[in-house]
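Residue numbers (our numbering), protein chains in the order written: chain D, 1 to 258; chain P, 259 to 873.
For the record, the hints were derived by calculation from the structure and aren't laboratory data. Hints may contain errors.
In silico SDA-like links for lysine to any residue, alpha-carbon gap of 25 Å or less [stated by the list, open to error]:
| # | chain 1 | residue 1 | chain 2 | residue 2 |
| --- | --- | --- | --- | --- |
| 1 | P | K735 | P | G774 |
| 2 | P | K750 | P | K833 |
| 3 | P | K722 | D | R10 |
| 4 | P | K374 | D | R10 |
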Amino acid sequence: MAKRNFRVWRGDAKGGEFKEFTVDVGTGMVVLDVLHKIQADEANDLALRWNCKAGKCGSCSMEINGKPRLSCMTRMNSFGPDETITVQPLKTFPVIKDLVTDVSWNYVQNKRIPKFKPRPREADGTHRMYQEDVDRVQEFRKCIECYLCQDTCHVLRDRDGKDTFIGPRFMIRVASLEMHPLDSDDRIPELKKEFGSGMCNITRCCTEVCPEHIGITDNGIIPMKERVVDRFYDPVAILGRKLFGIRRRTKTRSEEGK
Amino acid sequence: MALDASEIQTIEHDVLVIGAGGAGLRAAIECSAQKLSTGVISKSLLGKAHTVMAEGGMAAAMGNVDERDNWKIHFRDTMRGGKFLNVWRMAELHAKQAPERVHELEEWGAVFDRTKEGKISQRNFGGHRHPRLAHVGDRTGLELIRSLQDHGVHQGIDFHMECTALELLKDGDRIAGVLAYWRETGRFVVFRCKAVILCTGGGGKAWKITSNSWEYTGDGIAMAFEAGAELMDMEFTQFHPTGMVWPPSVRGTLVTEGVRGDGGILKNSEGKRFMFGYIPEKFAAETADTVEEANRWLTGDKTARRPPELLTRDEVARSINAEVKAGRGSPHGGVFLDIASRQPADFIKRKLPSMYHQFKELAEVDITTDPMEVGPTLHYFMGGVRVDADSQMSTVPGLFAAGECGAGLHGANRLGGNSLSDLIVFGKLAGTGAADYVRGLSSTPKATDDQIVAGVRRATDILKRDSGTNPYVLHEKLTETMQANVGIIRVKDELEKALHDLEGLKKEAETIKAPGTSQYNPGWHEALSMKSLLITSEIVARAALTREESRGAHTRNDFPGEREEWVKYNVIVKKGANGAVEVEKRERPEPPPRLKEIAYAKIEDLESGKVAGDL
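Here chain D stands alone, though its shape is the one from the complex:
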């Protein structure tokens, strides 16, 4: 056991401040363990979210010493022995109380993405897909929706671009559908016109904070941006489509309805 100093932000939408706690820390403890200890012993009403405590559910996201992290996967021995640990809520989303933020905007974005539209099943009533064709999609589907990437994204965090960009989490969700071998929908028009794929300037900060080590930028966002460019800006591809009559949807659903 060693005594460690913690600064934990406490407050609500109206404001708040850092409170200091000194806690006995034992072998193998993570930041979430320390917060639970504070909660049980000193501040019963300290608000925070958590569930699985094993990096699988993405509930306990917060900013630890300035970095977006899962508190259940941040070990105390990753800090210097005398380092004070500062814990605060995600900055990109409005605070509800203490370390809990209102992440409902993310659920709204998810619902904007049209649902999976599979091609018909094979004659035997099942689908065939090959592992090498689904590896990339499975990488995106590892996402635990911790929203650390959303929190760190400059467009959402610093430029308050929530009305222009759905953020990295949902860029890779669209990518997981667009690259799905069974999906028969065309998702490129929405990416450009409604989801704001052009807003991302590829700083890769989202990839750096991803606890699942998903190649968000290189494997997801960049290929999606390339498909948008091919569709809307590449004269050769546009000419090819005209000459060979390959019909692809280039309007968004709302435009099609007009």
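Given chain D's structure and the hints, the job is docking chain P onto it.
For chain P alone, coordinates are given in the frame of chain D:
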């Protein structure tokens, strides 16, 4: 101060589903498909329910990896694993319907690992005769919940997140709604509805060492009990053989059975593969008895029998417990689980990525080079609300239950992989059952105001008290007595000790106090969940005291071995006239002859189609 029920927010639905794990989401999707106004409430955010922690896979006899597999063998495995205490009809429905439910998930976007032929791949698991678990690495639960979530949000279901149910409301005998509160504000809300589907999971949080998250406080079990529903098989609590044991802060965290399914072996401190010494008579014919044969099985030799590490969870958990007690445990009181010497590093990282990650980050152990230390952890409730097999309706009209909080499919012990398939099979059936019930109602049930007012008062008293018991301390005390006295090996004196302790804790709970306001106050939330935890704990202890034999997950040191007489009975619990826990030893109905024939058939006859069963 007078409390006026009409001032409390009211939301109306045909059906309210409590819980947004696999069963809750599947039930809601079905209700919505049946054109019912459907609401879902969940204590956590959508997509965070405990289903997300399920790792290994979902069992469905599709025969993609071994074509000899079929529903009858899955049914037989489930009955044998459950020590023949399962509800026969539920085990039948489950085995028959699981494959289509899995294909349906694929239709909704799930991306399972594939075979070389492009089919859904299936992995080996304990108690399953053939490779049967559809999976995605070791994060199958996440895939299940995300697929249902992403499909469900487009089906017109109303999701009410971070909303906790407090009690069920009734109109006479019938369900009329649910009293709940919003965690964010602490404000109360009344859901007026015609049917309620409980999908609230189990109550593992009553134990100290558990794989369960904070949500697992037995809410559905306690609410159903309070509403007068019958509960069944509550003595059967599964201790998963492999939880982490080190470091202390992660003690109990699950280590998937997939490690053993993919070749992992258990060793004691002497380096001995001890499971060969624990093969029970009834599984001897189908289990390898030499290391040589077990190794041949791993290389894919279909003539070799399965290694003893893949015996059912109750057997493996007891064996580990015995090794540790005999002084042959690992440094931190577990045993060694070794996959490093069995599979190449890249295979381990590909098939068990989250295990690799979990041990690397939390225990600083590289599982591709070193063994893991593991020991039993409270994982699952086989028992729960007693339901009709086909409709999932409880003994209270309009109250349904599916998934872990329902009883019947698993009997005395659940096979790994039968939980995720349980969720989707019986989640759907509960939805259909609720829809049929709602359509058959001639009038809309209506809860009275006094029920609502009384419920609100009970909850707010906890905040208003000047001083009282710290809810975290009370919870800690509960887990200590349950861990010590209602553990993996049980005995009369200890069970009685637990009941005695519980009486004291119930007294303490009457003066429980949460400081602070009602806005997002975990101390208050914890205090409110103590009621469910205490009711659930008492029911488990009383049921365990009643069953005087050892069967499946329930082991009585004072009554060793299965007793022929006891296979004929279920332990049923319900609320007695005076509010006390009433326990009944109830005779089971005779099984349908065609199912009995399958369950007791020779495996070869089922593989060759000699036993028909469908007739």
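Against the structure, the hints come out as follows:
1. The hinted pair formed by K735 of chain P and G774 of chain P meets the criterion: a straight-line CA distance of about 23 Å does not exceed 25 Å.
2. In summary, the hint linking K750 of chain P to K833 of chain P is supported, as the alpha carbons are separated by about 23 Å, within the 25 Å threshold.
3. The straight-line distance between the Cα atoms of K722 of chain P and R10 of chain D is roughly 22 Å, inside the 25 Å bound, and the hint therefore holds.
4. Our distance criterion of 25 Å between C-alpha atoms is broken by K374 of chain P and R10 of chain D, whose separation comes to about 54 Å.
Hint compliance for this structure: hint 4 alone is broken.
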